[in-house]
Each structure stands twice: as C-alpha cells, then as structure tokens.
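Below are the chains, spelled out letter by letter.
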Amino acid sequence: MTSKETIKLVEKANDYKYGFTTNIEQEFAPKGLNEDIIRFISRKKKEPKWLLDWRLKSFEDWKRKADNHPTWANLKYENIDFQDIHYFAAPKSENDKPKSLDEVDPELLRAYNKLGIPLKEQEFLAGISNSHKVAVDAVFDSVSVATTFKSELSKKGIIFCSFSEAVSDHPEIVRKYLGTVVPSGDNYFSNLNSAVFSDGSFVYIPPNVTCPMELSTYFRINAANTGQFERTLIIADKNSYVSYLEGCTAPMRDENQLHAAVVELVALEGAEIKYSTVQNWYPGDKNGKGGIYNFVTKRGICLGANSKISWTQVETGSSVTWKYPSVILKGDNSKGEFYSVALSNNYQQADTGTKMMHIGKNTSSRVVSKGISAGKGQQTYRGLINILPSAYNSKNFTQCDSLLIGNNCGAHTVPYINVKNRQSDVAHEATTSKISDDQLYYCRQRGISEEDATALIVNGFCREVLKNLPMEFAVEAKNLLELSLEGAVG
Amino acid sequence: MLKITNLSVSVDKKKIINNLSLEVPTGKKVAIMGPNGSGKSTLSNVIAGKGGYEINEGEILYNNNDILKLEPEERAASGIYLAFQYPVEIPGIANSSFLRTAINSIRKYNGKKELDTRAFLEECKEICEKLNIDKSFLSRDLNFGFSGGEKKKNEIFHMLMIKPTLCILDEIDSGLDIDALKVISEGITHYSNKDNSMLIITHYQRLLDYVKPDQVHIFNEGKIIESGNYELVKILEAKGYKEFV
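From first to last, the protein sequence lines stand for chains A and B.
In terms of this note's numbering, the first sequence opens at residue 1 and continues consecutively.
In terms of this note's numbering, the second sequence opens at residue 1 and continues consecutively.
For the record, the hints were derived by calculation from the structure and aren't laboratory data.
Note that the Cβ used here is the ideal one computed from N, Cα and C, for glycine as well.
Be aware that one or more of the hints could be misleading.
[Unchecked claim] For lysine-lysine, the following DSSO-like pairs were computed, each having C-alpha atoms within a straight-line distance of at most 30 Å: (1) Lys151(B) with Lys108(B); (2) Lys242(B) with Lys182(B); (3) Lys50(B) with Lys376(A); (4) Lys467(A) with Lys108(B); (5) Lys467(A) with Lys15(B); (6) Lys478(A) with Lys355(A); (7) Lys223(B) with Lys478(A); (8) Lys194(B) with Lys478(A); (9) Lys467(A) with Lys151(B); (10) Lys50(B) with Lys478(A); (11) Lys125(B) with Lys467(A); (12) Lys434(A) with Lys108(B); (13) Lys434(A) with Lys50(B); (14) Lys434(A) with Lys69(B); (15) Lys13(B) with Lys467(A); (16) Lys434(A) with Lys14(B); (17) Lys286(A) with Lys478(A); (18) Lys478(A) with Lys135(B); (19) Lys163(B) with Lys112(B); (20) Lys478(A) with Lys14(B); (21) Lys151(B) with Lys434(A); (22) Lys434(A) with Lys13(B).
[To be verified] Only some residues are given here: those of chain B computed to face chain A with a beta carbon under 7 Å: (23) Ala77; (24) Pro91; (25) Ile93; (26) Ser105.
[What the hints assert, rightly or not] Label-pair restraints from in silico Cβ distances: (27) Gly406(A) with Lys113(B): 31 to 37 Å; (28) Phe149(A) with Lys125(B): 42 to 48 Å; (29) Asp425(A) with Tyr109(B): 49 to 55 Å; (30) Tyr230(B) with Gly406(A): 47 to 53 Å; (31) Met471(A) with Gly149(B): 35 to 41 Å; (32) Tyr109(B) with Glu165(A): 52 to 58 Å; (33) Lys113(B) with His69(A): 56 to 62 Å; (34) Glu57(B) with Gly406(A): 30 to 36 Å; (35) Thr431(A) with Glu237(B): 52 to 58 Å; (36) Met471(A) with Lys125(B): 22 to 28 Å; (37) Phe82(A) with Pro91(B): 42 to 48 Å; (38) Gln423(A) with Lys163(B): 55 to 61 Å.
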C-alpha cells in the first residue's frame, strides 16, 4: 500500500463504523472525536486495558455533556468545534518546520532577545527543524550533565519521567492515584482531557526524600510535543519535598488553539509540594486575532496530616485563560497556598482563581491574587473558600488586588465563601487601583521613562507573588511582565 | 541658567500663566511668592513637563536648550528636579530601589555607566544621617504610608542623591513642623552652590528666613507683579498680598 492510499484510508476512517483498528502504521489520526480515535491513541501508546477503559468511560461522560459547554465564566469566545481538532498527531514533519531563525516571526525573535534567551534555545522554542536534539544539549550544556542529573535523582529513588513512561514502567502507582484528585467527570474539560490526553509529566518522591533540585518540564528530555491535552501527576510520599516548575517564560510557538490540561498533586503525611507555573502561550495579536484557549484543571490534595501544597502562577499568555488551581485540605493541620499574577493586555481574557476545600482540623489556606488589566483586557478573580463542618479551627486569608492600566480594560472579583463551623476564621481583603497619570509623571520627573515606570509600578504590585517563585524564575517573570505590557501605555 | 520669555499657558482655554518672563541664573536662589491660585504650581509643572497644559506662547530655555520639546524624563536627565508639593505613593517598590533606578536612568541618558550599588547605599546612609532620617526610610515602600513631613523630607533626600542643577521646590515647607523645616532648610542651603540654581515656591516667610533667597518675585494671576530682594519678603509678611494685588 502506498503512503497516499494510507492517508486516504485514514481520512475515510472517520466515517468507518467499525473503527480503524487495523494494523496500518500511520502517525496521525484524522480530525474528530469518537471512540475509535480514543482506541487509536491508547493503542499507539501501548496502554493497558484499564487505562483504555478509563478513557472510554470519560468519553461517554463527556458525550453526555458535549452540548452543555460551561458558560459560567466571564469569558467570551467563539464556540469550539471539537470535531475539527486532531487528537493525535505525530510531531510535525521536519520538512514543514522553519529551517532557520530567518524564517521565524521577527516579533517572536524580539521577545526572545529581550528575555535574553540563548540562540540555541531560541531555535528550539521557535520549532526550527532538527533543533530538538541541539536544544537539549544546549539546555544541559552537555549530555553528561543530563546523565548526572538523571542518576542523581534515581539514586534517591525519585521517579521523574513522561506520563506515558510512567504508565508502562510504574502502572501500579499511576493506577492508584490517577483521577483521584481530579475525577474524570469533574468538569467538561477534565472529561475531555481524561479521554484524549496525550502526554505530560509524572513525579514520585519516596518517603523522607527532599528532592535535591527544582524539577522542570523544561529539563525533561522528551518534553517537546507533549501536546495540547497534557496530563501531569505528582505524588509526594510521607515527609518528602518537591518543587516543580512548569512552563517557561519564552513564548512558545504552537499550532494548537485549544489546550485543556489536567494536573493532579498528592501530598501524603508531612509532605510538601511547591508547584510554580509561568504560562506564556501565544496571546493573539493586537486586534485579538488568534491566540490559545487555555482551559486547565489543576488540583492538589493534602491527603495526610501536616502536609502542604503551594501553587504559584504567573499567567501572561493565552487569549482565554480558565484556570483555578485548588487544594483539598483533607489531612489535619494541612496548609494550602495560592499565589497568582495574571495579566491581560490587548484583547486577552482571564477568569482565574482558586478553591480551598477545608476538610481536616486546623487546616489553613492563604490566597494572594494580583490581576493586571491593560488595553482591552478583561480579568476575573473567581475563588471559593469552603470550610466544612469537620474543619474545626481552620483559617483562611485572601488578598485579592486588581490593577487597571488605561480606560478600556476591566477587573472583576467573584469570591465565594462558605463556612460551616463556628471555630474558623476567614478574612477577605480586596482592592482595585489604577496606575495614575500622577504616578507616571512623578517617575518620569525622576528620570524614568513611561514604559519603565509602568513596569516598575506593576512589579511593585506583584512583589508578594513574585517573591514566591524560585529565584531565577522570578527574574525571568519580571522581564516577562515588562514585555507583556509593551504598548499598554501611551 | 533657566530663562523663561513671554510665556503664556492655559488649561481648558483658561489662561493660567500670562506673558511671564523670568530668569533663574546659575548659582542663585530665586523665590516666588503668591496667593493661592496665582499659577505658581502650574509654572513648576510646565517647567518639569507635566501633560495637560497648553503652551500658547513663549519659550523656556535651560542652558540655552529649548526644553518645551523634551519629555519629562529628558528634562530630568538634563538636570531639572521638581520637589513635589504632593509626592505620590507607589506600593511594592522600596524607596532606595526607586531612587537607584532613577539615578541610573539619568546616568544612562547622559552616557555614564551604572552606579556601584555599595557606593550608592553608603551615600544614601550618609545623606539620611544629614537629614535626620531613620535608615528604615530606604527599605520602606516609596512614600507609602509616609506622613506628610516624611514625604517632604524624602523629596529633599532624592534631590541630594540625584544632584540636579536646577531645583524647583514647590511648597516644600507646607505640612512641616518647625524641626523638620529646619532640617530641610539646612539640606537645601547646604546643597546650594555657584553651579546650581533654585526656584523656591512658597506662601510663607518661614522657609525663606532659613534659605536666604537672592531674588524674590511676587506672583499673581500668572505674572510677576513685584520683584525685589529678601527685604520684599518682610514687607509682604507685614502687609499681606492685598497691598500688591
């Protein structure tokens, strides 16, 4: 069979009632979402039957919801045609990729240069053909560093690998925890993700181990092409500690418009997980054309007593952001934190916040959210503090600040607070402010340009969140905020 | 030196400054006194480059350069400093980092390299001591939660660090107690020398008793109605503005 015929056959497979469970060695599935596609993905990944069944059940659930796309968020976007998406595609052919940086959008290059990204990494981020291997070498300086890094982790019994690898090498752990924090039927997009997820990261930290380095997707060799339906699972066993970094400050080129990731964190007794994100997907152009739709479900559970989960996020990208990293405080004395900076410029919209579910006794949570709107950007903080009857003597503190730049943007705050016992304390503070002409004039009179002054004021506004990021990430995030605000004034 | 010639300025078609001519020679301290609403603050803002004013006529030359074409930060870089009547608050930015950013921006504009951080901090501490300011001033957020007097002291602190060649002091004495007024006046007097000039805007005699001005102008309805030396201050204090208006 020639390859042309193969493609034709695959294209027809969408209508093919009995599925295309053939032995054809194709590298992509046709557009559309149906059971056969899911079977195809699972087969491609050589998954065990329980996982396929789990996917199929999720898909059944999703089908029932399919027409009830959630509309409660303060977001406006065109309907997503789920049948017009490829759910499994091999990496783009090297021939279709840009050959060199000369063929890449100059705006992108300007951003890379301003962020001080080395040339080799720029090539990788821009998706230059054959750049992957080089970039990995560049990131690690040399292959030996990568090897050292892997061996140091495995010496301590830490598992850090792609989700697919974990399914094949550590199925018992994956099976035990998958879907326990974010059940597949949790919401529309978690259902979708559970049916079609492509790949992602898996981390397991054994008892009493402090992970000796920040784990980052950026440093995982096969991090490229994890695709639009990412699935991440992190388990910190008793009294262990891990800090995990997701994303990177450089704008990533991506062909996929819809992203729907699921991240699950499990902290056992006395364990601590710190999860930091910098999200800078393509935000669309100045007129609001294009850009990523980012619908993410992130949740952690403090399963054991005295455990802690801390989310820190800097969200500057995507045209639509729908994201509520949450913590279930089940273990007694457990702690949950959420630190967030979200920025919407031009036509970007973000509806983001957190849920803190207090179940155990003496649990505490802290929420610090800083929303920045500029241009025609719309920004909503949506949060739920839920203190159940069992959560005696629990505490929450929420600080929720909005900063407006210009006259055409919007900031909205939607806090929900449920307290079901009399022994708990909840405090909510909120402010809305504007960068005033007087502030800018004052800075300029001292010799600081308008653009630098805006960045300075915004950084001051975000300081409490940025200081929670790992050091080098914090510096990058600062530059990123500056870059994302370009053109917001004047 | 600063040279203003036939300057007329209006806001929303209302004339605030009316055919004003004024010189502030290098090495001199020039005081402007006048009743509320006479256009004194407008004058300082027009020199510093605040937006929202319409220049109908005239020119402002600083060291023979037409500064009306320059952005506020370019004027700052050329040595013009305005001590604000109402300094703004910026939360989240330490006073010292703000000041270092300002000084380095000016240095960059003038083709000089960045200040050495340690030397900068040493100097900060030295000047704080001189102005009787607690060192915690440096790490507090810029003017955030400062008392009125602290804000004014901070304006003089910035001035002594930035080392401008033209200092415009817009009612630096308002809201100060006697002790603070004395410290600030000493700071100003100490800084003043033959290479820089001062334009001091005030309602009251008090400040001028400490900072002896070389020239005094009485301002009303956007123009100078009387000029003289320090003696004029005493006459004004005795007779009030009514005598001149």
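- prompt: Looking back at the numbered hints, which does the structure fail to meet, lowest number first?
  reply: 5, 7, 8, 15, 20 and 35
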